[in-house]
Amino acid sequence: MSYTGWFDISQSDQMLEALCSVPFSREQVAVAVSHSQLGGGHIGLAFFTAGRIPSVLHLAWHRDLRIEGVPDELGACWAACVLPIPPKAAKQVVAYVRTVAARKAQIDYGIDFIGAMGSFTPQGAYRPPRGSTGLTCASFVLEVLRGASVVLVREETWMNLPANDQWAEEVCEMLMRTGASPDHIVAVKSSANGLRLRPFEVAGAGTLPPNQLPAGFNDVQVPSQVVAANLDQLCPRA
Amino acid sequence: MHLDRLSRVDAYPWLSLERVTSEHRVVTPCSVLAVRSRNSDRHFFVEPATGSFADSTGYRIAELCDAAALNTKWQLQVLDVSSPVDVDDLTDTVDAALEVVSRYGPASLDLSSLPGEPVQVEHLAAVLRASSMWKDQVPGWQDSRDWAEVIAAESGLDPADVLYGMV
Numbered sequence: 010m011s012y013t014g015w016f017d018i019s020q021s022d023q024m025l026e027a028l029c030s031v032p033f034s035r036e037q038v039a040v041a042v043s044h045s046q047l048g049g050g051h052i053g054l055a056f057f058t059a060g061r062i063p064s065v066l067h068l069a070w071h072r073d074l075r076i077e078g079v080p081d082e083l084g085a086c087w088a089a090c091v092l093p094i095p096p097k098a099a100k101q102v103v104a105y106v107r108t109v110a111a112r113k114a115q116i117d118y119g120i121d122f123i124g125a126m127g128s129f130t131p132q133g134a135y136r137p138p139r140g141s142t143g144l145t146c147a148s149f150v151l152e153v154l155r156g157a158s159v160v161l162v163r164e165e166t167w168m169n170l171p172a173n174d175q176w177a178e179e180v181c182e183m184l185m186r187t188g189a190s191p192d193h194i195v196a197v198k199s200s201a202n203g204l205r206l207r208p209f210e211v212a213g214a215g216t217l218p219p220n221q222l223p224a225g226f227n228d229v230q231v232p233s234q235v236v237a238a239n240l241d242q243l244c245p246r247a
Numbered sequence: 092m093h094l095d096r097l098s099r100v101d102a103y104p105w106l107s108l109e110r111v112t113s114e115h116r117v118v119t120p121c122s123v124l125a126v127r128s129r130n131s132d133r134h135f136f137v138e139p140a141t142g143s144f145a146d147s148t149g150y151r152i153a154e155l156c157d158a159a160a161l162n163t164k165w166q167l168q169v170l171d172v173s174s175p176v177d178v179d180d181l182t183d184t185v186d187a188a189l190e191v192v193s194r195y196g197p198a199s200l201d202l203s204s205l206p207g208e209p210v211q212v213e214h215l216a217a218v219l220r221a222s223s224m225w226k227d228q229v230p231g232w233q234d235s236r237d238w239a240e241v242i243a244a245e246s247g248l249d250p251a252d253v254l255y256g257m258v
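Protein sequence lines, in the order shown, are assigned to chains Z and S.
The numbering of the first sequence is the working numbering, which starts it at 10 and goes up by one.
The numbering of the second sequence is the working numbering, which starts it at 92 and goes up by one.
The set of hints was computed from the structure by calculation and includes no laboratory data.
Even for Gly, the Cβ is constructed at its ideal location relative to N, Cα and C.
Just to be clear, a hint being listed does not mean it is correct.
Residues from chain Z shown here face chain S by an in silico Cβ test under 10 angstroms; the list is partial [to be verified]:
(1) Arg-107
(2) Arg-155
(3) Gly-156
(4) Leu-217
(5) Gln-221
(6) Gly-225
Label-pair distances were calculated between CB atoms; the ranges are [what the hints assert, rightly or not]:
(7) Z:Met-126 <-> S:Gly-196: 19 to 27 angstroms
(8) S:Pro-209 <-> Z:Met-185: 44 to 52 angstroms
(9) S:Pro-209 <-> Z:Ala-247: 57 to 65 angstroms
(10) S:Val-172 <-> Z:Met-168: 45 to 53 angstroms
(11) S:Gly-207 <-> Z:Arg-35: 43 to 51 angstroms
Full structure from sequences and hints, please.
Here is the structure:
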């Protein structure tokens, strides 16, 4: 399978809406994105809590899983797109996401998203598979949705890009700066395999109709660029 | 454990005890249920009691009572065809089901008695969805999924919606 390259987005479809406008109902889950320090975006799942508060569940960083109310607690500018799940199933997914959020798992930040498949296991709300070093914000969203039988991407189609190695180094440097244990940093470095699951790619998959899921690497590249462009429009960088 | 009555009630066939004696008392408050002794065909009520338990037999009784109580919580929603299907109600069902799995493992989430029973299919689908990652370990998962597909169609619901991702 060959990488098809970047496309010129001269006029983007509007796939996202401003999260502060709460473009989802109590019976829906939305994929929410914001800008990030490392590029590639940041991603979470937006939903209404049982207390009727629109919120975003996201893995902000190493052992920093947050559920933050829209808009006051989030702080940064976010945009969102409702997941195109059929309505009865969507209610069940909301119920599942709420339950996962309530368990407040402590999740390590790790970049090997293939090794992290199946991270939500019976023994606890979150238990990484043997050899997994943790999740990113993107693979966290992927795994939560997988637990609810919503599979967005086909990981086996993902492609190694040169920029991914630089990203992996930057993640390790940031883990070191923010006080992650040396053992964890060594493990993350060892798990670097040239693959990266970008938040915009997961969000792009979330804009595809159900009959196109799970999506392959090439399938999400155009949608991911549209998501990034939409985010820039809705949340201009300073 | 004090056994006050010897009467049969609706059995939970997956419950069994190797040994029941009067020295063991149940710690966890336990709704009345029937247990079948492996050593005989006698069935007993387990009455709520307090106190300490002396050995693994007593501990297992407490565990089984707790798992049974947790299972009852989501089963009541699933087995009541008139259960409301607001997202809050589905959340309670999913939470109860995942609590069983979290505490006692997927094999304790017993769906085996559901196929053939009248069920509220959205609640059943919510339990199936929440436990789908361990479907090979949950008793009755596949048969219950098939039953949910039948009930959804009979109820005028689209199985591809209710069971999205599981069909």
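Taking the earlier hints as the rules, which of them does this structure contradict? 4, 5, 6, 8, 11
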